[in-house]
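Using the sequences provided together with the hints, build the complete structure.
Taken in sequence, the protein lines are chains A and B.
As numbered in this note's numbering, residues 1 to 259 make up the first sequence, in order.
As numbered in this note's numbering, residues 1 to 542 make up the second sequence, in order.
Source of the hints: derived by calculation from the structure; they are not laboratory data.
One should not assume that every hint holds.
Said to hold, decoys possible - Between beta-carbon pairs, the in silico distance windows are:
#1 A:113 <-> B:149: 51 to 59 Å
#2 B:317 <-> A:252: 24 to 32 Å
#3 B:342 <-> A:237: 43 to 51 Å
#4 A:31 <-> B:153: 51 to 59 Å
#5 B:334 <-> A:252: 34 to 42 Å
#6 A:252 <-> B:25: 18 to 26 Å
Said to hold, decoys possible - Take a look, some chain A residues computed to stay more than 10 Å from chain B by CB distance:
#7 27
#8 30
#9 34
#10 158
#11 172
#12 174
#13 234
#14 250
Said to hold, decoys possible - Here are some chain A residues pointing at chain B (derived, C-beta under 8 Å):
#15 227
#16 231
#17 237
#18 239
#19 251
Since we're looking at a predicted model, the values are computed, not measured.
A virtual CB, placed ideally from N, CA and C, is assigned to each residue, including glycine.
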Amino acid sequence: MKKITYIFLYIILSLNLVNLNSKEIEIGIDEKLDSIVDGDLKFFDADSNVVTLREIVNKPTIISLVYFNCPGICTPLLDGFADVLAKTDMKLGVEYQALSISFDHNETPYLAAKWQNNYRKLVGKDLPKNAWRFLTADSVTIKKLTKALGFYFKKDGKKDYLHAGALITLSPTRRITRYQFGDKFLPFNIKMSVVEASREVSSPTINKLLDLCFKYDPSGRAYVLNLTRIIGTVMLLTVGIFATFLIVKGRSNKNREIS
Amino acid sequence: MSNTTTNSSHVSFYDTKKGIMSWVWTTDHKRIGVMYLYSMLFFFLLGITLGFLMRLEMLTPGPTIIDAQTYNAFFTLHGIIMIFLFIIPGIPAVFGNFFLPIQIGAEDVSFPRINMLSYYLYVTGGLLALGSTLFGNGMIDTGWTFYVPYSIRTGTDVVLPLTAAFILGFSSILTGLNFVTTMHRMRAPSMSMFQMPLFCWNLYATAWMQIIATPVIGITIVLVILERTMGFGIFDPSKGGDPVLFQHLFWIYSHPAVYIMILPAMGVVSEIITTFSKKTIFGYLAMVISTMSIALVGYLVWAHHMYTSGMSGEARAVFSFFTFLVGVPTGVKIFNWVATLYKGSIELRTPMLFVFAFIFIFSIGGLTGLVLGAISADIHLHDTYFVVAHFHYVMFGGAVFIFFAALHYWFPKMFNRMYNEGVAKISVFLLFVGFNTLYFPMFIMGAQGMPRRYYDYLPEFQIYHIIATVGSWILIAGILLMFGNLYVALKRGKRPGDNPWGASTLEWTHTNTPPVLLNFDKIPTGITEPYLYPDAEEGKSH
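Okay, structure coming up:
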């Protein structure tokens, strides 16, 4: 039996190896789902304090990689995010947090503070402190972080960068759980990504139910109804109820009365 | 088991009440079983006629007797009728209804009124399926698998046959619930689960499969109907849906359905082999475990129908592995049947001949199933006549041959008439020869590349089609002879007595022929094991 198990495992693993293919991306995003980002990376927050990723990431965290002088996608991306925040019923700063990290090492905490204040005003004054932080870092840290997140960008030869726009969700243990592309986001997708990322911590029952019923479709990059799981659950519940009925009721007395 | 305790001055369930309304409103499991039998034979003859016409069409390349669209409709209807209206309900609905309560010493099923409802749902579903051929925009032409996106887009009437399948599914679930509850709650007080005859155990496994798997096809059918009528985008790729999801959902039901079809037949085989070799079954517990294992593992193999539909290599390897695994409990069963025959006092009566034909045919069907279960071979053989031959060997040679065996085995008890054994044996011979002549050439032409469901074919395949068509004539001769013989028996067959086979289960030892309304004058007591033949040589060897 052991032998058969090993042979079976070997077949499965060898099939896996065949599927491995890596390609270098110059500009864009190479999804690194399930990998863990180094917690020792050091950043400057808006008050110029040095903070590590380990200290900051203690709940589901949505990261946006931008640079503050960006003339392109960065502002629409952050505006899109700010816009969707108002539409979700989850509390930023309580159930999850946001980090906007500049990948331009020339940008300073002063600039970050300016942006942080702008977006705090946009989202609302009741936002808890540190709910949405704006960070900067040195070039080595940025390189490490962007590589870990699979975010590839390039200088355009002048002062700007060529880069993609996405929200990247980390779990409380800094595991990469989701990428959401573009600059417009659906409240449902944001919520689901937070729910998924919070699997390692306790979350409200309704969220667990959502987590059960929807799955992430990698090709459509959106959450879709997980039909097979719903059907399976309904089936098992029905069978469970029926089996319980049989056990609780025991044998019928009909036959005994006749005999 | 103890000796026969029936008396001759009984009123059979046929005579308790008279008149057509006594049948229409009956909740008696035996009457419902008989009504199922007649309804199913009607649908079976319809399905056979369609099959016969299709075979005739394939005698020559190009148009022979019908046009291509009619051919598409015929193979679809043939599949729907044979699978949903005959083989799936088949043995459980007819013989399960009639004999399950008797075999476990109960006076009826647990929910007699639901049993009646099941029957009427079955009839409604059947009539709707047939009605769809007369109304709407033409006969459905999707194949019995209703694959999307074609079933969403075809101009023919799909909604009505799908509704029919949905209703039939309900009927199946209710029968399953009824049987499981009956076996748990209604057994004679002295009978434990492990003293039930193996036919009951097979019905038990089947019933669980009906309960668990059938809702999946129900939901899927509703989704296809919504997709067709209201434009939902669940399966339609042009709306972002996933057609492969449909295939998964369809086969999650329809592969276990194959075991819903074959497990009751395996139960009948165990009954007949013990009766006609006058020996207890070899390895009762192993038989029970293998039955439940087939039911369990049978759930985990559905995607072997989809090797060419787009699936990861890992998934294919896993499904292929489980497919091979189902062969193990099946092999245990065949071994145990043969071991039961060993040193038995074998009588070659008609039901036993059917069983021998079954073991031969089913072994070929099972082994070619392993060929199809292997990924590399399946890529070549997928959607060819090889598949057609394989499932007819398993379904027709397996489930339907045993339906006939059960009919000949229990006919004397159900109708209090004995058929002519000589004629019955000739019909078995004709069926066996006709069956193999019809379907074996399909293995060869399938391996050579003849695709299934094609109206036309290349000239080099014609010789196989001619052999197969001639085979269909022999087969139909056998079927007509068999039913003719049974019809004559119904009219003027001899009276068989309570236990003409000398069998040992309760329906033979403790009931009259035909049984009384509540089956027993007194609920059987002192039950030990189902297959006890103390007088037969080697009877207690196990």
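Now for the hints, and whether the structure bears them out:
1. Take residue 113 of chain A and residue 149 of chain B: their Cβ atoms lie about 55 Å apart, and the range 51 to 59 Å holds.
2. Checked against the hint of 24 to 32 Å, the C-beta distance between residue 317 of chain B and residue 252 of chain A comes to roughly 47 Å, which is inconsistent with it.
3. A C-beta distance of roughly 46 Å is found between residue 342 of chain B and residue 237 of chain A, which places it inside the suggested range of 43 to 51 Å.
4. At about 35 Å, the CB distance of residue 31 of chain A to residue 153 of chain B disagrees with the hint of 51 to 59 Å.
5. Range check, residue 334 of chain B to residue 252 of chain A: about 36 Å between beta-carbon atoms, so the 34 to 42 Å window is met.
6. For the pair residue 252 of chain A and residue 25 of chain B, the supplied restraint of 18 to 26 Å holds, since their beta-carbon distance comes to about 23 Å.
7. Non-interface call for residue 27 of chain A relative to chain B: holds, since the shortest CB-CB distance, roughly 28 Å, exceeds 10 Å.
8. No beta-carbon of chain B comes within 10 Å of the beta-carbon of residue 30 of chain A; the shortest separation is about 20 Å.
9. At roughly 17 Å from the closest C-beta of chain B, the C-beta of residue 34 of chain A stays outside 10 Å, upholding its exclusion from the interface.
10. Taking the minimum C-beta to C-beta distance to chain B, about 40 Å, the non-interface status of residue 158 of chain A holds against the 10 Å cut.
11. Every CB of chain B is more than 10 Å from the CB of residue 172 of chain A (nearest about 30 Å), matching its label as outside the interface.
12. Annotated as non-interface, residue 174 of chain A keeps its C-beta farther than 10 Å from every C-beta of chain B; the closest such distance is 28 Å.
13. Its beta-carbon lying about 7 Å from the closest one in chain B, residue 234 of chain A breaks the requirement of being farther than 10 Å from that chain.
14. Its beta-carbon lying about 7 Å from the closest one in chain B, residue 250 of chain A breaks the requirement of being farther than 10 Å from that chain.
15. Hint status for residue 227 of chain A relative to chain B: holds, with the closest Cβ pair at about 7 Å, below 8 Å.
16. Interface hint at residue 231 of chain A: satisfied, since its Cβ lies 6 Å from the closest Cβ of chain B, which is below the 8 Å cut-off.
17. At a threshold of 8 Å, the smallest CB-CB gap from residue 237 of chain A to chain B is about 11 Å, leaving the interface hint violated.
18. Restraint check, residue 239 of chain A versus chain B: the minimum CB separation of about 6 Å is within 8 Å; hint holds.
19. A distance limit of 8 Å between C-beta atoms decides the matter here; for residue 251 of chain A the minimum to chain B is near 5 Å, and the interface restraint holds.
Violation of the numbered hints given earlier is confined to hints 2, 4, 13, 14, 17; the remaining hints are satisfied by the structure.
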